[in-house]
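Asker: Spelled out from the first residue to the last, the chains are:
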Amino acid sequence: MVKRTQKLPFLFCFSDELMDSATFVIIFLNGLYYAFALFLITIGLNILYGILRVLNIAHGGFYAMGAFITWFLMNAAEQAGAPIYLVWLCIPVGALLVALVSITLEPILFKRLYKLPEEYSLLATFALMLMLDDVLRMVFGGDPLSANQLFNYMGTISILGKTYPAYNFVIYACALILALGLWAFLYRTNMGRILRGAAQDSSMASALGVNTSILYTQVFFLAFFIAGLGGAVYLPATSAYSGMGFEAIVLSFVVMIIGGLGSLRGALVASLIIGLVRGFGIYYVPRLELAFVFIILIVTLIFRPRGLFGRKFTREEK
Amino acid sequence: MGIKSDTKNQKTILRTEGLRKYFGEVHAVDNLDLRVNHGEILSIIGPNGSGKTTLLNLISNMVEPDEGKVFFYGKDVTKWAPSKLARMGLVRSFQIVNLFDGMSVLDNMKASVISKLGKTNKPFIKVDKDKEVMERSQQLLELFKLSDKADSTARDIPHGDRKVLDVALCFALDPKLILLDEPTSGVGTSEKTQVIQRIEEAVRKGDVTAVIVEHDMDVVFSYSDKVVAMHRGKILAEGKPKDVKKNEEVIKVIMGEL
Amino acid sequence: MKPYQIVALIGLVIACLLPFIISKYYTFILAVTFCFAIYALGYNILFGRTGLLSFGHALYLGLGAYTVAFLMRPSLGAYRIFSMELILLIVIAVSLLVGLMLGAICVRYTRIFFGLINLGFVSLWYSLLYKLRDYTGGSDGLPVYMPTLFGIEFGYETFRTFVFYYYVLGIFLLAAFIMWRIYESPFGLALKAIRENGVRAEFIGIPIGRYRLAAYVISAIYGAIGGALWAPLSGQVSPDISSWLSSGDVVFMNILGGMHTFAGPIVGAFVFYNLKVQVMHFTTYWSIILGGIVIFFVIIFPGGIMGWVSRAIPKIRKRFYAQKD
Amino acid sequence: MSEEQKISRRSFLQTAAAGVVGLGVGAGIGYGVSRMAAPPPELVTETTKPVKDVPKDPIKLGIISWFTGPAAMVGEAVHNAAEMTSDVINTGGGILGREIEVLKRDAGPTDVTVEAYRRYVLEDEVDLVVGDIGGSNANAITSHVENLKVPWFLQCSTTQAMVEEINPNPTFLFRSGEQNLAEPNIAAQVIAKEFPDAKKIGGINPDYVYGHEAMEYTMEALNKLAPNMESVIETWPQLYATDFSSQITAVLDAKPDVVITACWGGDFVTFAKQATAYGLFEQTKVISILGSMALNSLTKDIVPPGVWMLQRDYYFELPPHNLYPLNKWFVEEYQRRYNKIPEFDVMQVFSAVFAYKQAIEKIYDLKESYPENEEICKMIQGSQVVSPAGHRTITKDGQFLNPLPYGKTIHDPKYPIATLDPETIGVVIPEYVYNPKSLPPVLEYPLGTGMKYSDWIATW
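Chains as they are written, first to last, in this note's numbering: chain A, 3 to 320; chain B, 310 to 567; chain C, 68 to 392; chain D, 221 to 680.
Just chain A, same shape as in the assembly:
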């Protein structure tokens, strides 16, 4: 059985055997790994809903597109024997390509959604998700695709004697930079202030001379870029397979509800909660893995439907 090396003060355990500190750290890091995957998708969802009241189910599709496009770039770079820093470049370039490709959708589809009630955006983007999934399969085929050059290049490090893929730290760094960058952008820059203003009251913003149509396109560009970045950053650690967008979107919805619709702080906190609970949950009660997430969701919905940081309900919504 596991030897009791060092008793951690705040340790909670259902099963009798205490886990040694190394495993605790690894599980914590796994929790972070999963949390940041959710966070990278949910930010985009929250920005779109927070500012434009558009609930974009197709966001999982853009996440998948990021993974597939980055795979294509990395594979091409690998075949051509490009130096390693070029391969690193594939991640931001992949995300950028996703944003550039998807921004064409904004005038065609999303622009019409602003006028329709919120639920309609749920439907239209659900249909868009179906289409995206097929387009990706048409272009990239049905096989699971993986590009491991970066993952192997980073190799593994040992944490308290346990091996751990170093690449995951790239993901943490990227998620943190993104979170700080977004926070600074929204709360410290002029454009960020305009965006938040438009979120409160778009008609007021346009009355004050804000060209909302350009603003919305910028918001979409940002949201698509983040979703693409999510797919791109995670590709080296996993694989790109058709239908991955659906898996990603279900959990990010849960995170969005728990964190509060439209709030970025909520997205960060909720994805950490879900990531860590899932990580430790699997260790202690392996059979219940998926149910954990939904139990937390239902509890939140009953006792605090607006989520941790969501805005208060107006009478009309009650």
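Hints were generated in silico from the structure; no laboratory data involved.
Since the structure is predicted, the reported quantities are computational estimates derived from the model, not experimental observations.
C-beta: ideal position from N, C-alpha, C; glycine also.
Honestly, I wouldn't trust all of these hints.
Simulated crosslink set (DMTMM-like; lysine to aspartate or glutamate; CA at most 20 angstroms straight-line) [unchecked claim]:
hint: 1; chain 1: C; residue 1: 91; chain 2: D; residue 2: 366
hint: 2; chain 1: D; residue 1: 369; chain 2: C; residue 2: 224
hint: 3; chain 1: C; residue 1: 91; chain 2: D; residue 2: 344
Every beta carbon over 10 angstroms from chain D, so not counted as near; a handful from chain C, in silico [unchecked claim]:
hint: 4; residue: 76
hint: 5; residue: 82
hint: 6; residue: 83
hint: 7; residue: 87
hint: 8; residue: 153
hint: 9; residue: 157
hint: 10; residue: 160
hint: 11; residue: 218
hint: 12; residue: 276
hint: 13; residue: 363
hint: 14; residue: 379
hint: 15; residue: 380
hint: 16; residue: 382
Far from chain B by the CB rule (all over 10 angstroms, computed), these chain C residues [to be verified]:
hint: 17; residue: 73
hint: 18; residue: 172
hint: 19; residue: 175
hint: 20; residue: 176
hint: 21; residue: 217
hint: 22; residue: 225
hint: 23; residue: 229
hint: 24; residue: 350
hint: 25; residue: 374
hint: 26; residue: 387
Following the hints, put chains B, C and D in place on chain A, whose structure we already have.
Answerer: Okay, now just chains B, C and D, sitting in the frame of chain A:
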């Protein structure tokens, strides 16, 4: 669930005790005691932000008070659901017109009538075949002179008629007490008198008590039995229209504003 | 006889004659379509009539289907139930109970939150179907054996492509009739008022919480009946029936058909299901075509087919009478 | 163009062609326009009787499998196999002169699969159906197949519930691939044989019926073969998961001697990559039950050497190419067409269609009239079929049997993917597959001591 007959002729129909409502430091309604007697038209006047609409919202439980109680026919109705209040006879209309826009004027009326007749939970009788409902609805449309617009959808009729329909919906519930939030605002001067006449006629005929929040002073002083002047959430002055008109504080605060 | 009654009668006559005209395969497809029509009809009293978009209504489709499979499980031994009527009664009872329980929580919210709460419930239901392997058969689901209709056993193929078609048709007509009466009733008008303006409905004395719950429970029962009738046709129930992807289908049916009309969901169910069947047979890239059609209807043509028809009829009637005078 | 180069360009060619240039042109680059090599004589069987009054319209072969979602690769493999098989048969004169026409459609959830099969039979008058549709769909269609009497050759989706309860002795349903029960028994035999002193077993299996059954049956067989072993940790990642790190960490912490995983397809690719990163392969022995389904994605940086991988009922190097030219031709032909190494579903589809062809020709030899479905199916049952995996015997209840290969992975410079080390390859003969009483005599590659491949081939 009608009210017992003996309370009908009791003098005070509505009483509030120590009503208080803050929005941050703003005391919208500050420890307010109001008394409304049966069958009278009481107008509430006061500058913007004096708490008139908030008071109405508190009485009709649109907004929950921070402190204080509301008594209707002596019963404490502070916590009652608006739908229960409406069925008990305490009904309100809205400053910003609040109608069933997608439905026809007749359907709007029918909705209110079936709610009054307690038939909304009948899933199998046909609305259009229910003579009682149809007659009552037609009758009300005539009373409020909306019969010619019965089939057009509520969204498309002119603003004046929308205001009148909003009030008519309240009367469809043949209420004991009706709260009207600026019934004539946004209505053209020519129509204004017509709107008020219709309301007054309905009140006198149905011996209904009315509490009206109103800005238009000549409407207030020509129709109301009693006037309450409010300022910063408190009652400044209360009494017959002509007395309140003479009160200097009222003149300074409210008339000055005219 | 009003025009719509004539149309309904003609539709009924055609529906009764179809099995003799069309092939066995299409009779089977029509029987399945009627099941989904009941499901869509029930869904619309919530979505089109009371204005509540639930994004997880496949929970009740699955509840109905799994109840049927559960009652027929061999491990029940003597208590196995095959009579379809008894099964349907139990399905109604179960869905009433579950509808009340979940509805009480859901109806406190509207618009996007109502949709998301239902999404949460259906996701939990789906993961339970997956996890409780010993009861629900896990990802493989449960087999559904041949039920008896009014106590009579039928051969496999005659059941599936003939007899059960009329059984489903009969229940569909009953369900449609009841729903029509609800639409025409004061209760139906109250629901419409709640959709148009919930706040005002509350202030004219309609207890919107209780009525939304009533609408939710009715749609839950209809969904479960649809699922229960679909189960014997398919022969097997699996968690896919309640996946959140299939929750989207019923919403598409209503939007396609025209959610603000009575016949919308029925037309929507016919058009959407048969369209999906044909497109899936035509190409393996079927979701592009279906997704495109849905986006077209949601964005450019939100009124749906029956919405367009109900707008076109007064114009036609005006032109028709104009010619006459 | 060496073997390796041709395959390693797979990914670039495929995406470059599809993504940038468009399907047509891309296929032209780099493919020698070599014609199909002539198939070996055993395949080109014909009826001895003159062919008359045989229907002229083509034989319709309907595919119902996954073409969407994470298992889309299964559909592609089945479709490639069906296309190649029908090409081979058509160039060889078809079946009694009738060409084979391939139809394909997506399986989807249960109601869609049932509707698809009924449409194939009632509308398109399909002659046979081929496809892998998963446990729930397989259980659903059994009753439809038995009543509509058009044979369906399943590949991998044979649940024990179907085999034992729902449809114990089918007439029209064939399992051209092994039952789900087969590999767990072999995994148990491999563990018992290779790691006799192991004590603690770990499990990382997908959280659905197949995953649970794989773990349960393996432990059941192990209790008979090596009672001292017990399972200390069983984790259940979600099907089509993107993250296995939590499960791997939990398993590593329990320090098992052997880890069993039934993850397949994209799951196995992701699992293997993260397992290498977390050092699972170094710290414990891993046995993969169905990882070989994604054979062409198992590049060397994902699967290290030393992982025991079961190959279900076909490994492309067995029977050895020098002893059995049909297999050599089959592998090269598949590579020429699709630039991939054939997985076991491809062989299963190939043998199913050929079993169908050989049965029709045999009946025609006897009766000289075109047989009905019932007769064809009765003839297939109990017959033998010439297939790339050797002569497969078909049981009375429609199960295709042949020795099941397994082995330890090695990084062979000849291939871009991890393949099996010839020294470690073992093949369990059918009789021992379903009742693992004792360690079976293993049919070994030339270097082994047990029964030889050449002995088995000699018995055909």
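Asker: Would you pick out the hints that fail for this structure and give their numbers low to high?
Answerer: none
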